[in-house]
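Participant: Chain by chain, the residues:
Number of protein chains: 4
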Amino acid sequence: MIKVGIIGATGYAGGELVRILMNHREAQIVWYGSRSYIDKKYSEVYQNMFRIVEDVCRDDDLAKLAEQVDVIFTATPQGFLAGLLTEEILSKAKIVDLSADYRIKDVEVYEKWYGIEHKSPQFIEEAVYGLCEINRGKITEKTRLVANPGCYTTCSILTAYPLVKEGLIDVDTLIVDAKSGTSGAGRGAKVQNLFCEVNENMKAYGVASHRHTPEIEEQLGYAAGRSMTINFTPHLVPMNRGILATEYAALKRKPDGSLPSYEEIKAVYDNYYGEEKFVRVLEQGVCPETKWVEGSNYVDINFVIDERTGRIIMMGALDNLVKGAAGQAVQNMNLLFGLKESEGLELVPCFP
Amino acid sequence: MIKVGIIGATGYAGGELVRILMNHREAQIVWYGSRSYIDKKYSEVYQNMFRIVEDVCRDDDLAKLAEQVDVIFTATPQGFLAGLLTEEILSKAKIVDLSADYRIKDVEVYEKWYGIEHKSPQFIEEAVYGLCEINRGKITEKTRLVANPGCYTTCSILTAYPLVKEGLIDVDTLIVDAKSGTSGAGRGAKVQNLFCEVNENMKAYGVASHRHTPEIEEQLGYAAGRSMTINFTPHLVPMNRGILATEYAALKRKPDGSLPSYEEIKAVYDNYYGEEKFVRVLEQGVCPETKWVEGSNYVDINFVIDERTGRIIMMGALDNLVKGAAGQAVQNMNLLFGLKESEGLELVPCFP
Amino acid sequence: MIKVGIIGATGYAGGELVRILMNHREAQIVWYGSRSYIDKKYSEVYQNMFRIVEDVCRDDDLAKLAEQVDVIFTATPQGFLAGLLTEEILSKAKIVDLSADYRIKDVEVYEKWYGIEHKSPQFIEEAVYGLCEINRGKITEKTRLVANPGCYTTCSILTAYPLVKEGLIDVDTLIVDAKSGTSGAGRGAKVQNLFCEVNENMKAYGVASHRHTPEIEEQLGYAAGRSMTINFTPHLVPMNRGILATEYAALKRKPDGSLPSYEEIKAVYDNYYGEEKFVRVLEQGVCPETKWVEGSNYVDINFVIDERTGRIIMMGALDNLVKGAAGQAVQNMNLLFGLKESEGLELVPCFP
Amino acid sequence: MIKVGIIGATGYAGGELVRILMNHREAQIVWYGSRSYIDKKYSEVYQNMFRIVEDVCRDDDLAKLAEQVDVIFTATPQGFLAGLLTEEILSKAKIVDLSADYRIKDVEVYEKWYGIEHKSPQFIEEAVYGLCEINRGKITEKTRLVANPGCYTTCSILTAYPLVKEGLIDVDTLIVDAKSGTSGAGRGAKVQNLFCEVNENMKAYGVASHRHTPEIEEQLGYAAGRSMTINFTPHLVPMNRGILATEYAALKRKPDGSLPSYEEIKAVYDNYYGEEKFVRVLEQGVCPETKWVEGSNYVDINFVIDERTGRIIMMGALDNLVKGAAGQAVQNMNLLFGLKESEGLELVPCFP
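Residue numbers (the working numbering), protein chains in the order written: chain W, 81 to 432; chain X, 81 to 432; chain U, 81 to 432; chain F, 81 to 432.
Please note that the accuracy of each hint is not assured.
Just so you know, same-sequence chains aren't split out, so a pair can sit in one copy or run between any two.
No farther apart than 20 angstroms at their CA atoms in a straight line, the calculated lysine to aspartate or glutamate pairs in the EDC-like style are these [as the list claims (entries may be wrong)]: (1) Lys121 x Asp186; (2) Lys346 x Glu124; (3) Lys332 x Asp252; (4) Lys192 x Glu387; (5) Lys332 x Glu363; (6) Lys357 x Asp252.
The hints are simulated quantities; they were obtained by calculation from the structure and are not laboratory data.
My request is simple: use the sequences and hints to build the entire structure.
Facilitator: Below, the structure written as structure tokens:
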């Protein structure tokens, strides 16, 4: 049985880790870290866990924790893990970091977009970007540090990845217009996240400046084989969970000037994702809906070719707390310990 | 492996049965009955099931179905099962009926409240009212027909049952004010259930005339040892899932004129429900919230004694599609086949 | 032109006062008081007011404000006005207080339920309880201080008032089960009011202890001609606006043992409210819905007699920010200045 | 007093026309046309209008109606008006058509995108496209037929118009990603618009095929001085009202290779909209939110220049039932009769 510690267990992503791990046959949570609720019963913070979790919340002493567990999930603010991580900790426990601290290889890019100094850049190189469907081979029992991808980024990257990798679209034209449920904003008490401010409302935010932008650019850049810049615009939607990414790009024309056919593009997607448990390429004409993946680790993807404009519109949907955070983190944990990759993640989407 | 057939598999309760049974280790669905979608892939009706369910919808031929399965769930309109049920069918397959056809023992009461003739009253006596926590002992491998309780009724009954059974409240004063999410209204295309009609709105309906009233009265009447009438008022709430029942009754005073204490009432609830897997009596001062049971088979219950008025306010919350329908139906199936009662129902509530 | 000052202009009730007064022909806001946003443009706090309100927020100096305006609306926390009010202030400007400070005549009751000391009980006697439909005659150009009723109380009282006043129900059996949209919880940044905590959720709160209880009891007690205690249970609903009160009481039987008829009860309601602009007694069988009064100053009321239990179920719906707060405050202002009572309040409900 | 007839008065747009016209000082509705509810009281269909509208619904006899009124609003399905319109009708009453029948000048384009034959193309030339801020000069007391723009189109066009007209963006790169509340889907009883299907969900629909596409292309094409094709992707959002358009385009670089500055672009917007009552160009850094215009005739617009990609992201928000339908229709009526353009439209947005 893998012993698990969570730092930030009372945030929404932390809570989702707890929910998922309750039904994981090989892992057991032994440390519910929450600086805000030390000594409080976890189930008093999340009453849904009443009579399911009996533990109390503990502080976030990473060094002490590392001695007691096999793996640590850090669902913490940017900069937290970078400020505490040491070689000694990493030598004792594996870490799956749900923050952005080790996602971006270029520390200058990190510091520019996040506006904070990176306190332990020496571990960036070692960290594996934990987008399992793409980097599965790099996440092994030898891996010590996994940078779990962001919610928007997981959705944005997986939706476009096969076409970028195969060179089928002009990456300079890629635009990602993304929409997210409000749990992505976290559980902090802020006026702008109050029910009455979000409900019956829709807005863009972080336009041309959202921190997930360089993460998408870096990862898709690897696929493209060159650096690239995109427009990424997140929007806040009055729903709890779910991200929908609508992505636009110019299709490269064939030598005869024609566009690739639906079948050709579909074959590419199927080639990349046909065997993937958690990526579902939908049937022709069916647009992904966030509700269809709610509570599950699935990403639903589809596309439409617009002959008039020569562009392809790609769409991806996932649950930001599952495949966009906790679910993918558990998927990474499974890889780290050589377990079945889908262990604990056979979650059937809940509708309605 | 128990072979399962579902009639009405494309309604919301039917869909929830499918979701739950996907993770049931001892049961397998072999018949997805849906008169409206015959020959259509089930996953085209509920896209959340894409790549999870490969079957197509079939008609609702009960006799034919009975030959192929061990148990049939009927998630069908009132009168459907009563119109088709025969001794031959019952001799071949067990039935868990999610409609009201066999819930009420007095056929006149049924016909009055439902406004339809009961076509097979000969089976009413045999049917067991499948409120597992109360009638568990009557649901055995010999049982052929289970009347699965209504959503409002499950919540209303379980919330008040211990106090009624112990004679602690004046049952003539019992008032149930219940609030339900909109999935309880079903998937029929009706103007009053459109998003724009329900959203940002709240209303009572079926005031003094809702069909769950006699069902509550009958079951609580058994507990009280005499017939009783109550006020039951359902309300429609702009959320997908969840029922909250707020119940009011005068507490019987002790010989010295005092009211029972919190501890005394709590002890009664704990006595009835302390060992129940799916009933959680919350800690003092914590009001049940529907979100804390969403997606799970739990009923959360608590109460407040009002010294000023001498009344007790009881509150119960459940997910109308799980404990209020499909979850309880599976719980009944487990009892019918001698399985662990909670098999397939270890569902952790999803928050947020 | 009446000069208006608002203290607490950036809360939800304050914002609604601004919205309503923008279309009031006889009043003009000259002071937008908001301690939290001093010197900030009002329209930066509420962007809906961009290019409509050009003023900046000012502090809440009541004495200074009283010299500049004819009437002050205080949309402030409990105890604020009581702590500052002086004879000098009252001699200069009329006050419509949207807090509870002067609603309850018995200062001990106030201090017990609100848990704070009342700092200026000497003004309680003078204050008029501003439930216009009932106390209209007492709100005149001579009145200096109006205690604007609470949102739940306005709804609860008006719904039951005619029957209490006419002695048609047993007031000891009165139970008010009320449901409110989330704007009633105010704009404070609290975890429990975050979108993800409220959305898809329903709960009771303040059970047997909510502060609107004694206010309802006092006002209905005047109608009953004696003191009374009730059960009042508020619930939080995932919608922005609206209160629905469902009220239960035993009807008094006639000498022959029969219950009053629908027509008799309807005649009583019509007698009280038939001429009232803002109270709509609906037609038989139509249940009030909060959406039908949204954005308007209406209260929609109806009732059902349950012959089986001898009880009447009364239902009332209003917009908590309009008739439950700002609208009624403006209605009171109109009375205070001898204007047409509905001036500025001809707001047509917005649907959907 | 202008006499108004409405055909389709019981749809959502029709209902909004009624709401707005109730507070219009120069117009009076004398005909509430609704084929579905003939002889039913209008306020029984929309209970918010109880005691406000006393009329009953009438059939949709256009010829008869034209004799009785000065102006007819047709809030009807595509093809309805085109199938009935005659010179005689137009000679008697002005018509503001909220359907698409006369919006598109090229009848082949109309027939291709709408999939129906146009029955009266002879009136297309005469019809004025009623986007008031752009075509105000063409809507005069001599005008007989106004094609009221679509909801998505109004938002999409106004957001980009100044930059297209001034040649500041490369129109071939224009992409409109639009999000709409559910009232835009109308009041028809369809499964996909049920509360439980829309709530907690988000999806794109009509990808590369939505009928508002050619309407946007035609109107922006006039501004650009040449034909153009765009990508337009609508999305369904779980809210009642509101459209948010996020638009992307490559900014044309100046001769020195630099991009226009924020101030330069802002000056262009201010030049076009600075004097417009109903278009609000927000302050730098403020993203439009649909809630800030809810219930009002405003369009809120802003933009961000992305130096990294050379694109501009434009955002526009409006209430689809007001500026996107009924409000703009009334604005057109005001122009048709020489009234103050904002008469009846001084609606303050409602928040929250």
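Participant: So which hints don't hold here, by number, going up?
Facilitator: 1, 5 and 6
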